[in-house]
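4 protein chains.
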Amino acid sequence: MEGMKFTIVGAGSSYTPELLDEMGMRKEQLPVKEIMLYDIDEKRLGIMEGFCQRFAKKLGLDVEIRATTSLDKALYGADFVDTQIRVGGNKQRVKDEKIPLRYNLVGQETTGAGGMMKAFRTIPVMLEIAEKMEELSPNGWLINYTNPTGLVTEAVTRYTNANIAGFCSGGIFPKMWAKRALGIPYEQVQYDYMGLNHMNFISNITIDGRPVTEAEFEKIAAQNDDVDLELIKLLGVIPSPYLQWYYHTNEKVAMFKAAPKTRGEYVQELEKDVYAAYADETNCEKPKALAKRGGGGYSEVAMGFVNAVYNNVDTKMVVNVPNKGAVSFLPDSAVVEVGCLVNKTGMQPLHVTEVPSMCWGLVAAVKNYEQLAVEAAVEGDVRKMKLALLAHPLVRQWEYVEKLVPELLEANKEYLPQFHL
Amino acid sequence: MEGMKFTIVGAGSSYTPELLDEMGMRKEQLPVKEIMLYDIDEKRLGIMEGFCQRFAKKLGLDVEIRATTSLDKALYGADFVDTQIRVGGNKQRVKDEKIPLRYNLVGQETTGAGGMMKAFRTIPVMLEIAEKMEELSPNGWLINYTNPTGLVTEAVTRYTNANIAGFCSGGIFPKMWAKRALGIPYEQVQYDYMGLNHMNFISNITIDGRPVTEAEFEKIAAQNDDVDLELIKLLGVIPSPYLQWYYHTNEKVAMFKAAPKTRGEYVQELEKDVYAAYADETNCEKPKALAKRGGGGYSEVAMGFVNAVYNNVDTKMVVNVPNKGAVSFLPDSAVVEVGCLVNKTGMQPLHVTEVPSMCWGLVAAVKNYEQLAVEAAVEGDVRKMKLALLAHPLVRQWEYVEKLVPELLEANKEYLPQFHL
Amino acid sequence: MEGMKFTIVGAGSSYTPELLDEMGMRKEQLPVKEIMLYDIDEKRLGIMEGFCQRFAKKLGLDVEIRATTSLDKALYGADFVDTQIRVGGNKQRVKDEKIPLRYNLVGQETTGAGGMMKAFRTIPVMLEIAEKMEELSPNGWLINYTNPTGLVTEAVTRYTNANIAGFCSGGIFPKMWAKRALGIPYEQVQYDYMGLNHMNFISNITIDGRPVTEAEFEKIAAQNDDVDLELIKLLGVIPSPYLQWYYHTNEKVAMFKAAPKTRGEYVQELEKDVYAAYADETNCEKPKALAKRGGGGYSEVAMGFVNAVYNNVDTKMVVNVPNKGAVSFLPDSAVVEVGCLVNKTGMQPLHVTEVPSMCWGLVAAVKNYEQLAVEAAVEGDVRKMKLALLAHPLVRQWEYVEKLVPELLEANKEYLPQFHL
Amino acid sequence: MEGMKFTIVGAGSSYTPELLDEMGMRKEQLPVKEIMLYDIDEKRLGIMEGFCQRFAKKLGLDVEIRATTSLDKALYGADFVDTQIRVGGNKQRVKDEKIPLRYNLVGQETTGAGGMMKAFRTIPVMLEIAEKMEELSPNGWLINYTNPTGLVTEAVTRYTNANIAGFCSGGIFPKMWAKRALGIPYEQVQYDYMGLNHMNFISNITIDGRPVTEAEFEKIAAQNDDVDLELIKLLGVIPSPYLQWYYHTNEKVAMFKAAPKTRGEYVQELEKDVYAAYADETNCEKPKALAKRGGGGYSEVAMGFVNAVYNNVDTKMVVNVPNKGAVSFLPDSAVVEVGCLVNKTGMQPLHVTEVPSMCWGLVAAVKNYEQLAVEAAVEGDVRKMKLALLAHPLVRQWEYVEKLVPELLEANKEYLPQFHL
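Residue numbers (the UniProt record's numbering), protein chains in the order written: chain A, 1 to 421; chain B, 1 to 421; chain C, 1 to 421; chain D, 1 to 421.
Rather than coming from a laboratory, the hints here were simulated on the basis of the structure.
One or more hints might be untrue.
Heads up, the list lumps identical chains together, so a pair's fine if it works in one copy or across two of them.
The calculated SDA-like cross-link candidates involving lysine to any residue, where the alpha carbons are at most 20 Å apart (straight line), are [stated by the list, open to error]: (1) K252 - N104; (2) K324 - V355; (3) K344 - G183; (4) K233 - R383; (5) K344 - Q188; (6) K344 - M317; (7) K344 - D314; (8) K43 - Q268.
Since we're looking at a predicted model, the values are computed, not measured.
All chains should be built: construct the whole structure from the sequences, respecting the hints.
So this is what it looks like as structure tokens:
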């Protein structure tokens, strides 16, 4: 390879400079020759192209930055395609948040009824990208950050032959937490990781090869702000912060209902400032407000993958991959989020030899929902949509399903061509 | 065998005559020579012994009926030991019902927090019975009807070597429904049955070998009063009536809260009349009120098992048995409720070749709860008790668990020796 | 059903009257209204039609017997289609026996290189029958007796949607042995059965529900003439008689080489007398020589299946069925020979909960061969043919494979259209 | 860690300097502070201690070298314990080679009847070492090179809690072959590896992430001298060279029978020269004859493991590890030889997602033998010894087993305390 082409789909996102920042830190390792920015929103794309030119210069990146609204051009010959799209934008996200809340259900863009609708809007677009990659960049890697990444990755792996690695910053949370709490460098922290995206559990944490002490465990666990520390200590394994929706449901629903704005509404406002800063032609720094935007750690994970693959360096990473038996109690066709060995041949799941006894049933329940939701999303099948919600531990009741389904379809109808509404 | 000894543990129960009734219907098949009634409640035992003598005579049963308060005598040399005990009586049942309800949770004697407490009270007693049988009637069969039968059977199979078959009338519900709705005799109705006790799903129903029509399916499904017919039609498989607690949770909780009495309180009152009738020495008929008592079908199932075993007749029956791979997504050590082949060698599970795609995750979630609850019950382990409730789809939230646990332990403390409270 | 149509494919076979004999014994149970005899050999078909008419009369069967050389007519509307064909006849069988023997390898019509060639000749014809049944008798059952029945059944189940049950008299051998050795009636003998056709092992034998004694085990085992009794006692499980080719290979090869005739040649001679007897219009008795022809027990098994299905009687039987997880160490797609529950819905495998520790590897090795052989047979793929022989424990060596393959293809070329030789 | 203690058990072996040589090459990475040489043969130990002192100096290793005949001292506080023992020496090896050959069976020290006897002699000694390590160096790693490494590792993992990693140079053969044939550096060569020690198959070879061409495959495969190239091309996967005993059995047996000496006899002679060279106090070079001794690559593998663990570097390596589901068709308790991720937490097997269709049955058959042999070795059980040989594809026939067993036991009786002969 003579220097790589790195394509960003949804490049108008305020997140894009984080990827450049990480490329800057890895410029000795990663000879990125071309960054291709793609978006359907020409205005944001223009702003971001300008900013990225300035930012790359500041970072000392020797790279050609280009922008396009042609998906074919964007994908053609790409070595890596990073997808960070939001179909329907934050406008639809706010609906994902508000509709379930009316029924006192969790309203949230990655799980529950809201997360499912985001999957329904996103999956057809992602399948189109993946199918084009099969032709235009058959050896390239699709690196997905678009949520719900587990469902998106399952859809792409079940329905296309594109190479896809689904990521979430959650895969390195224990490293981040151990660093923050104990000052331990990433390389010394190891752990077992079992589950799905946003539905996973971390066990057997070691520092430099030895098991953490109880005190260290507690300090690391305390970094997980979203789940009660006493609960984590009881579990003995650390749940993903997203388990808050499951273990503290009513409390979180009450908090949401009391909040003046949803997260989506907050982000919408925040983005005004952020884009204003990006558009300022004298500015070549990431806007301060960006830190409040979330997503920290993803660029690190994504570029870690690029390094492992491009430079053929054996690296353990948490990736969303087809199960095929790695997690014995889940179907072979399921996408799971587990530890993998990554190198130039791609990723291979480590076998999960020890299933934590206190949480596998919940993982199974959510995977059951996910598989039905993926099929509903691809087939545009309202019956499967209902079955998916019935299978979801945060919905489950028929009374909810009956009312939610027409409302959710109506609120998303312009983004659901597969349902022929 | 020279005529069998049939022991009833908990024989003071108002249900006992149902077993005799079924023996009467099968008297040509089953040479029951001795019925041994055992109970710790001498008064009820006395009443029931008297009634059973009269009732057996009326049924034309050529059988010796005896009563004892010695468990050893009861079990010694028994061919079959039917267990139908209620540790703590309906007094404790009412607590199982009321405590969860205070938190707007399902309060119910077979599942949820209430069902777990019933398991905690029952399992130590059942293990004692099973361990005694290992010595006193090593070739005998323990036929369990005591709820929660899935947890009881799992405890006995994991912690003893006694022969146990756990039953529930639910195994023949589709036959009962098809008969009621369509007039089809039992022998012509076949179906696949997958899941756990009170957490199971019926699929592929056939009548005389041919799949039921959509109209027939609907008529059969409509007999399941407790789950919405539209929901069943959507599922395409028939859930156990106990799925009402999962699919109609809020509705049922509201109904319970509005009810003047709990089921336990109702039964307590009902039993006054029932026992008065049993005590009447001129009476040799089952009291009319007994029909309202529930449990219909169990005696039929239990005696069907006795016939299959005693007479070595290949018979397909639904039994609670150790999984060992029969249901691929559940642990080998789990007890599952599935179709089995029964004959004199006992029962062997049919392999579940087709897992219904819309409900396996919920089954897994409940099994995860069950295994933790069984271990908590046997070990008297409060941490596992909390983990069990966290794993239970009807509880799950930490806020509930924190509050429920001390209250439940306090309310049951005289029946939980293993917890050393 | 108003009386059944029973079709025999390969009805010219001398075995046909055994089926009628069994129908005679079951005439109260089984209202066979029409027996349709089909063969491509008009002469044998004519002889057999005549004999069957006389024989049925003698047996008191109230049945219409017809003969046809039209496969479509034979299959149309059939309730049961019994297949007992021999593609290429005993002429080809003799080649199956002799060619491997030249290399000091087992030459035998059901396993080894010879058995594979029989599969290659047979499978295309069986697929044609099964495909026609999908249209002409979609609810009918194909009952296969044609060897190698495991491979034939796997081919039909993997490549068609016909209902097929593959049988072998081996499924009832332990019953036959216990009866002969100990005078125990069939109904009292139960056992676990694990493996493949002609590659299976019997364990946990019980008589009337109790485990056999060591002395009884030995007497039963001694009925298996073909495997050394000391070896069986060491194993502790009873291997199929066909395990002689595996455990006594050299001895059997030496015996074959010393024999004046192969089994196929012997049968060819025997059949002259048998058909002469059948052709004698004054004769309405099965020829005495038929007893030497082999196959005893199959008609019993086949009609036992017909009874279980037709009359919807739960019956435990050994059947060749798709594995789908019933035998955990074999692929889901494999056909296995295991205990099943049979009734009007067909057969469901019992889960094999206990894999005998001393023989599962050999079963796996032979199944690996079988799956490759089935694919070679269907696809006409010489590479897979070689891989199949390399995987076969009785061949395995490359030096054999290189030499055998061209010779076997040449010797069978007129019966292998799929290979385009 | 302040520099490591590296213990070599069986240090009198002529192989020992290879380990030092590799330490020399890795001296920047690996701060070995102490090399502890242990052997029961004082003479060889003395020679080797002297040579190692000289050799280490020449290599510029800053290390303390000590020798002991006390196993406790050797193991105490060791970070790594390398085991390379030969119980009974080459004297017994020659018997392993010659006895089976008398029956025209493969006589070989790692598989067949000979390999089993080596396992029987070795396993009790290895269990003693492992049990001592549980106490004396509980965090240390046992790195085993002693053959048959698969059986030894399975015995240690099933019967002790010591940390053991079983190795064979075979794990890097494809890298060695690709380097030799095509000049490709190790880091660029990746492949899937499935099976057992000396019973494994390599598939999906890539060079720098892209699949090898057919021509490259052929050149790499041609480096495997022991298996016919045409056969490898047919298989499409590369078998271990040890598959020669399975795919070319008769040819190899004939070759052995024709050879003037067995491999053991040859090595015995060779070692005279080798030890003379080691004993020469003026010599500080590895003797030339050592290259003919075999074992090339093992020191590289062993020190690669030490590096991955000691320095906590994610590294893909082939290791013998407990299966626990990584290879779906083998028992959980089996030790398998598969790709693993190694770092300071030890090794975790990669899940084998794609089982090669042409060879899994043979792997299963050999694993069945191995598990029976391990149990026979530990329990000293003659029945299991016979079952192991019956399960072995290279023995299998009862006639062989009956004759071999008394002869093998007699020839090894002084080394089989567990059999109480």
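Status of the hints after comparison with the structure:
1. K252 - N104: both (10 Å within a copy, 17 Å between copies)
2. K324 - V355: Answer is both; intra-copy 16 Å and inter-copy 11 Å each pass.
3. K344 - G183: Answer is between; shortest inter-copy Cα gap is 19 Å, intra-copy 31 Å.
4. K233 - R383: For K233 and R383, the Cα distance is within 20 Å only across copies (10 Å; inside one copy 40 Å).
5. K344 - Q188: Intra 23 Å, inter 9 Å, cutoff 20 Å: inter-copy only.
6. K344 - M317: The answer is both: 13 Å in one copy and 15 Å across copies each meet 20 Å.
7. K344 - D314: The answer is both: 8 Å in one copy and 14 Å across copies each meet 20 Å.
8. K43 - Q268: Classified as within: same-chain Cα gap 16 Å, cross-chain 73 Å, threshold 20 Å.
Comparing the model with each numbered hint stated earlier shows that all of them hold.
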